[in-house]
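Based on the provided sequences and hints, a complete structural model is requested.
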Amino acid sequence: PRLGFYLVSCGGSVGGVYATAPVPQPPVPAPPVPAPPVPSPPVPGAAWTAVVTADREYFNTVIAEEGPDSATLTFPPYAPERRIPLTGAQIRIGRRSSAQPSPPEIDLREPPEDPGVSHVHAVLLAKPDGTWTLVDPGSTNRTCVNGSTDPVPYNVEVPVSDGDRIHVGAWTTITLTRGEAT
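Under my numbering, the letters of the sequence shown match residues 47 to 228, in that order.
Source of the hints: derived by calculation from the structure; they are not laboratory data.
Treat the hints loosely; a few may be bogus.
[As the list claims (entries may be wrong)] Derived DEER-like restraints, expressed as beta-carbon distance ranges:
1. S194 x V97: 15 to 25 Å
2. G225 x S194: 23 to 33 Å
3. A92 x A117: 39 to 49 Å
4. A117 x P147: 29 to 39 Å
5. K173 x Y200: 17 to 27 Å
6. A117 x T177: 33 to 43 Å
7. S148 x K173: 15 to 25 Å
8. P174 x A117: 38 to 48 Å
Just so we're clear, the structure is a prediction, and the values are computed from it rather than from any experiment.
Note that beta-carbon positions come from the ideal geometry of N, C-alpha and C, so glycine has one too.
Written as structure tokens, this is what we have:
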């Protein structure tokens with residue numbers, strides 16, 4: 047192509063310099079935008095389960111603290127282990143009552159009823175990454191984890207993991223397991 051100046055007012059050209067302009071190269075395409083990561087499918091058998099037991103060691107710790115009702119408590123002679131699948135966004139731990147519209151998912155009123163458990167004692171909250179957190183919304187007798195006598199703070203999400211033990215009431219221990227068949 048020729049380079050010069052064209053005068054709009056009269057239609058003539060000025061400069062008379064003619065040169066060859068470089069041929070423009072086609073634009074370089076932008077790098078492709080990476081596709082968003084595809085979520086992994088659930089791992090078979092990776093479901094969470096709550097294993098509910100009457101725990102003699104935890105009961106002895108409760109009695110040793112000599113709370114106001116400790117003299118009236120007795121450890122149950124028969125308390126079968128229960129396995130409860132953790133499904134849904136939240137799992138309430140407590141004792142059903144006629145005032146509640148629905149019983150908690152982990153109902154500790156079933157024999158043997160743990161008298162130290164509040165109606166809504168604690169709540170497990172599912173997280174998007176497949177993990178869980180524990181919240182004590184204000185239970186009367188508090189909630190402890192992994193043998194500690196220090197209770198979890200009220201209304202604070204505490205991360206829990208595979209194998210963690212949640213202690214509630216007078217003798218109940220709930221062990222969280224991941225990947226076991228129920």
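Tested hints:
1. A beta carbon spacing of about 19 Å between S194 and V97 agrees with the range 15 to 25 Å that was offered as a hint.
2. The hinted window of 23 to 33 Å between G225 and S194 holds, with their beta carbons roughly 25 Å apart.
3. The supplied range of 39 to 49 Å is met by A92 and A117, whose beta-carbon atoms lie about 44 Å from each other.
4. Between A117 and P147 the Cβ separation comes to about 35 Å, which falls inside the hinted range of 29 to 39 Å.
5. A hinted range of 17 to 27 Å for the beta carbons of K173 and Y200 is consistent with their spacing of about 20 Å.
6. At about 40 Å, the beta-carbon gap between A117 and T177 stays in the expected band of 33 to 43 Å.
7. Evaluation of the 15 to 25 Å hint for S148 and K173 yields a pass: the beta carbon distance comes to about 23 Å.
8. At about 46 Å, the CB distance of P174 to A117 agrees with the hint of 38 to 48 Å.
In this structure, none of the earlier numbered hints is contradicted; all agree with it.
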